[in-house]
Amino acid sequence: MSVAYLLVIAVLFATGAYLLMHRSLTKIILGVVMLGNGINVLIVATGSRPGEPPIVGADGTITDPVPQALVLTAIVIGFAIVAFMLALVWRNWTLTGDDQVEDDVEDRRLAQRSATGSNKSVAMHHEDVA
Amino acid sequence: MNFFLVAPIVLPIATAAVLLILRNRIAQRALAFVALVASLASAVALVGEVLSRDGAVVSRLGDWPADVAITLVADRLAIAMVIISLIVLITVLVFAIGQGSGDERSPFYYPAYLVLAGGISQAFLAGDLFNLFVAFELLLMASYVLLTLEGTREQIRSGITYVVLNVVESLLLLFAIGLIFAATGTVSMAELPARLAELPDGVRLGLNLLLLVAFGIKAAVFPLFFWLPDSYPTSPSSVTAVFAGLLTKVGVYALMRTETLLFPGGQNTLLIVVAGLTMIIGLLGAISHTHMKRILSFHIVSQIGYMVMGIGIATELAIAATIFYLIHQIPVKASLFLVEGIVEHETGSSSFDKVGGLLRRSGTLAFLFLAPALSLAGLPPFSGFLAKLSLVQAGFTDEQYVIIGVALVGSLLTLISMIKIWTGVFWGEIEPTPPAGRVGILRHHRTMASATWLLVIVTLAISVFGGWLFGYSMDAARDIVDPSIYVRAVLGS
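Chains as they are written, first to last, in the working numbering: chain B, 16 to 145; chain Z, 53 to 545.
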């Protein structure tokens with residue numbers, strides 16, 4: 016594994032983690048893509064000896080193929096998940112008209128109850144839950 | 053290659069592929085049922101072989117040599133988990149058939165359900181970490197579909213939280229596997245114990261923690277549990293029952309393997325503290341809610357605490373208690389959700405301010421709730437009592453008095469919240485008023501009722517055969533507490 020790979024992995028991880036923290040769903044998906052690819056690069060890079068490029072080493076020898084097999088599977092799985100998440104976010108957009116993570120209604124109700132100290136608002140929200 | 057070992061994984065998944073083409077609802081139901089029953093039969097057929105061998109039955113797909121083949125391993129623990137989860141999957145499938153007869157379900161329900169079943173079996177039987185990761189992805193992908201199948205606003209909202217969290221969990225797991233491979237050059241669970249033992253302590257600790265966090269999210273332990281009570285209540289009860297009974301338990305199973313096989317280190321204080329907090333926080337959440345499904349969802353979290361406690365103590369007795377707890381917990385939890393499903397199907401809700409007095413409408417339904425509920429709280433003579441007793445015993449032998457205290461208080465709180473459901477849903481005025489001339493509840497939902505009966509009978513059977521089952525758990529624990537048994541079974545020599 017060379018420093019260049021480490022840098023690429025670090026940048027992908029950092030951007031991925033940063034994007035995941037957002038409330039916007041599109042950014043979260045992008046974060047998942049970044050983070051996933053960071054890990055994929057990491058796994059490919061683990062196949063090589065220190066300081067040498069992965070897959071075909073400096074002296075022309077082929078490195079351990081197991082990580083490449085693993086990463087292929089991981090890429091396919093990641094692809095499926097991103098496709099599903101996109102569909103989910105699209106559905107969310109058609110339902111709510113925006114692209115934000117929403118609050119849990121029941122949680123909000125409980126918070127409201129403890130804030131006002133009464134059970135008055137209990138009945139009205141239940142349809143949302145069941 | 054052992055056919056019986058491969059069948060519980062391949063049969064459901066292959067059938068799922070057929071069902072995707074075959075959109076006929078009756079055919080889908082029949083085929084799904086047959087596939088699961090056949091998987092169960094082949095898992096049961098394997099028991100004799102597992103018991104007769106010392107350790108485990110091992111199968112290498114395609115008969116490749118041990119270092120490159122995908123290995124499946126069935127030891128006593130794995131085969132017990134596969135059997136009990138297939139039993140739950142079959143009964144819940146029957147329940148879903150009963151529940152779905154009224155409404156038009158999506159043609160993707162049964163395929164997704166079968167993929168879930170295959171993924172769960174694979175997770176239990178996986179012999180290497182990467183295969184375990186693929187199994188997790190398989191069952192998670194199916195669970196994403198099942199959770200958001202109806203596509204209502206509430207489902208999509210909670211589905212997004214669930215999906216994002218579990219995707220992050222998967223990425224962490226993949227990351228951990230990548231690092232483990234970098235450090236040791238293998239992902240085989242049989243080769244890893246020896247190679248991990250050679251690593252410097254710091255590296256070992258880091259890898260162990262990464263796996264703990266990844267599996268901890270899956271198992272919903274404190275502080276990684278918050279996604280669960282948020283997402284589970286929004287899906288139909290037939291889906292929630294399977295999720296509640298099985299998905300978190302796969303996480304617990306993986307935690308157990310990690311702590312006994314990959315990083316055996318005796319008692320783990322971190323896990324014990326986490327276990328105590330998981331019990332109490334889950335129960336406080338349960339007590340604060342007034343909605344049956346939500347209370348039960350929080351209970352999943354608190355019960356995970358008990359199992360993690362056993363893994364944390366990590367003596368042979370504690371692991372045996374945890375295995376027994378797992379086996380008892382899966383049908384109990386699922387049957388409680390099935391009862392909730394019947395309540396919701398009959399009355400349109402399971403919120404305390406909308407439902408009441410069901411005891412007067414159907415005593416049998418009340419019994420179907422009461423038996424698993426008391427078992428969950430750990431009252432004798434139910435299986436939960438045996439499970440909790442053995443955990444407490446393990447704690448006493450290891451002098452872990454604080455966590456025993458917490459566990460017993462937790463037990464009391466469980467009882468309180470079960471009483472809360474009892475008074476809210478089964479006592480009081482009959483609410484909502486049933487249509488004139490409608491007597492009873494269960495006779496209108498025969499399929500759902502018989503599925504629930506079946507699961508309750510399974511939980512009662514676990515109490516009746518508790519002694520034998522605990523002996524089996526002791527054997528299973530002996531096999532996994534000493535990693536060399538597993539290693540010898542897989543690698544030969």
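Be careful, since some hints might not be right.
[Stated by the list, open to error] Label pairs and their computed distance ranges (CB to CB):
1) B:Thr76 x Z:Ala79: 41 to 49 Å
2) B:Phe94 x Z:Thr475: 48 to 56 Å
3) Z:Ala79 x B:Phe94: 41 to 49 Å
4) Z:Trp474 x B:Arg128: 36 to 44 Å
5) B:Met36 x Z:Leu322: 20 to 28 Å
6) B:Arg128 x Z:Leu261: 36 to 44 Å
7) B:Ile90 x Z:Leu336: 40 to 48 Å
8) Z:Gln319 x B:Ile90: 51 to 59 Å
[What the hints assert, rightly or not] Sample of chain B residues at the chain Z side, in silico, Cβ under 10 Å:
9) Leu35
10) Leu40
11) Val47
12) Gly53
13) Ile70
14) Ala95
15) Asp118
For the record, the hints were derived by calculation from the structure and aren't laboratory data. Beta carbons are placed, not taken as given, at the ideal position from N, Cα and C, and that holds for glycine.
Hint-by-hint comparison with the structure:
1. B:Thr76 x Z:Ala79: 41 to 49 Å: violated, 54 Å
2. B:Phe94 x Z:Thr475: 48 to 56 Å: holds, 50 Å
3. Z:Ala79 x B:Phe94: 41 to 49 Å: violated, 31 Å
4. Z:Trp474 x B:Arg128: 36 to 44 Å: Cβ of Trp474 (chain Z) to Cβ of Arg128 (chain B): about 22 Å, so the range 36 to 44 Å is violated.
5. B:Met36 x Z:Leu322: 20 to 28 Å: Cβ of Met36 (chain B) to Cβ of Leu322 (chain Z): about 26 Å, so the range 20 to 28 Å holds.
6. B:Arg128 x Z:Leu261: 36 to 44 Å: Taking Cβ atoms as reference, Arg128 (chain B) and Leu261 (chain Z) lie about 38 Å apart, which means the hint holds.
7. B:Ile90 x Z:Leu336: 40 to 48 Å: holds, 42 Å
8. Z:Gln319 x B:Ile90: 51 to 59 Å: violated, 40 Å
9. Leu35: This interface hint holds because 7 Å falls under the 10 Å limit.
10. Leu40: The hint holds - Leu40 (chain B) has a Cβ within 10 Å of chain Z, the shortest such distance being about 7 Å.
11. Val47: Nearest chain Z Cβ about 5 Å off; hint holds.
12. Gly53: holds, 8 Å
13. Ile70: Hint on Ile70 (chain B): violated, closest Cβ of chain Z at ~15 Å, above 10 Å.
14. Ala95: holds, 7 Å
15. Asp118: Because about 8 Å separates Asp118 (chain B) from the closest Cβ in chain Z, which is inside the 10 Å limit, the hint holds.
Hints 1, 3, 4, 8 and 13 from the list above are not met by this structure, while the remaining hints are.
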